[in-house]
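Residue-level listing of the chains:
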Amino acid sequence: RKEVEQDPGPFNVPEGATVAFNCTYSNSASQSFFWYRQDCRKEPKLLMSVYSSGNEDGRFTAQLNRASQYISLLIRDSKLSDSATYLCVVNGRGGDMRFGAGTRLTVKP
Amino acid sequence: SAVISQKPSRDICQRGTSLTIQCQVDSQVTMMFWYRQQPGQSLTLIATANQGSEATYESGFVIDKFPISRPNLTFSTLTVSNMSPEDSSIYLCSVEVGRTGDTYEQYFGPGTRLTVT
Chain G
1 RKEVEQDPGP FNVPEGATVA FNCTYSNSAS QSFFWYRQDC RKEPKLLMSV YSSGNEDGRF
61 TAQLNRASQY ISLLIRDSKL SDSATYLCVV NGRGGDMRFG AGTRLTVKP
Chain P
1 SAVISQKPSR DICQRGTSLT IQCQVDSQVT MMFWYRQQPG QSLTLIATAN QGSEATYESG
61 FVIDKFPISR PNLTFSTLTV SNMSPEDSSI YLCSVEVGRT GDTYEQYFGP GTRLTVT
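Residue numbers (this note's numbering), protein chains in the order written: chain G, 1 to 109; chain P, 1 to 117.
The reader is advised that the hints may include incorrect statements.
For lysine to aspartate or glutamate, the following EDC-like pairs were computed, each having C-alpha atoms within a straight-line distance of at most 16 Å [as the list claims (entries may be wrong)]:
#, chain 1, residue 1, chain 2, residue 2
1, G, K108, G, D77
2, G, K45, G, D82
3, G, K45, P, E96
4, G, K79, G, D57
5, G, K45, P, E105
6, G, K79, G, D39
Pair ranges (Cβ atoms, derived) [claimed, not checked]:
#, chain 1, residue 1, chain 2, residue 2, range
7, P, Q51, G, G16, 42 to 50 Å
8, G, P8, P, R113, 18 to 26 Å
9, G, K2, P, P110, 21 to 29 Å
10, G, S81, P, I63, 37 to 45 Å
Some chain G residues well away from chain P (every beta-carbon gap over 12 Å; in silico) [claimed, not checked]:
#, residue
11, F11
12, G16
13, G58
14, Q63
15, N65
16, Y70
17, R76
18, L80
19, P109
Hints were generated in silico from the structure; no laboratory data involved.
We treat Cβ as the ideally placed atom computed from N, Cα and C, and that holds for glycine.
Bound-form chain G, shown alone:
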């Protein structure tokens, strides 16, 4: 089983849509959770950390469910510029960050 598993995607949505990505992780001792965004041919960039109480940053909302070892990212009012691959990241058994395979999002006009 992979340490971090994500929806395979791709997600193709119209502008203005709400889209949700899911991620599960296998290490119950993980303490750090993040969503990264990676544009085509670019490096991953930190989108937001995920806190136990859930957190929101503008149109983006992240949720963590420790009992189910599940993380989600909700994007409201999708913009064309949101098109990217979204990577779920969790710290692994050695403390190092483990990346999911990514979910590709395309927002269309």
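Starting from the known structure of chain G, arrange chain P on it as the hints suggest.
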């Protein structure tokens, strides 16, 4: 955050040769990491590089193939040795920022796109 640069940004190399990738950070950092990202795949950690000690390699990666240097707190190199076409990938340097216990943020360099012919 941290500003990270990598050299070269891309290269095309012949099999059997070696390439050294440089990573420079604009501030002193304790932990630096080297990742590989093959086409259409996510990131795979190659090794963790601490200043003043041997790099720690992940399963499937060995020092003879991917020697790493970490001479100071702002710089690291990764060498891809005796290259084969299977080594064609993007190699990314990253750094850890703001560690509190097991929690920290990680920032990435722009990557080095390597093609081995």
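Here is what the structure says about each hint:
1. K108/G / D77/G: 12 Å, holds
2. K45/G / D82/G: 13 Å, holds
3. K45/G / E96/P: Given that 16 Å is the threshold and the Cα spacing comes to 13 Å, the pair holds.
4. K79/G / D57/G: The given pair, whose Cα atoms are some 15 Å apart, holds under the 16 Å limit.
5. K45/G / E105/P: Status holds; Cα separation ~11 Å.
6. K79/G / D39/G: Between K79/G and D39/G the Cα gap is close to 14 Å, so the pair holds against 16 Å.
7. Q51/P / G16/G: 42 to 50 Å: 48 Å, holds
8. P8/G / R113/P: 18 to 26 Å: At 25 Å between Cβs, range holds.
9. K2/G / P110/P: 21 to 29 Å: 27 Å Cβ-Cβ, so the 21 to 29 Å window holds.
10. S81/G / I63/P: 37 to 45 Å: For S81/G and I63/P the Cβ distance comes to about 42 Å; the hint holds.
11. F11: 16 Å, holds
12. G16: 29 Å, holds
13. G58: 18 Å, holds
14. Q63: 18 Å, holds
15. N65: About 18 Å separates N65/G from the closest Cβ of chain P, which puts it past 12 Å; holds.
16. Y70: Per Cβ check, Y70/G is outside 12 Å of chain P; nearest 18 Å; holds.
17. R76: R76/G clear of chain P: closest Cβ-Cβ about 24 Å, beyond 12 Å.
18. L80: Answer for L80/G: holds, closest chain P Cβ roughly 23 Å.
19. P109: 26 Å, holds
In summary, this structure violates none of the numbered hints.
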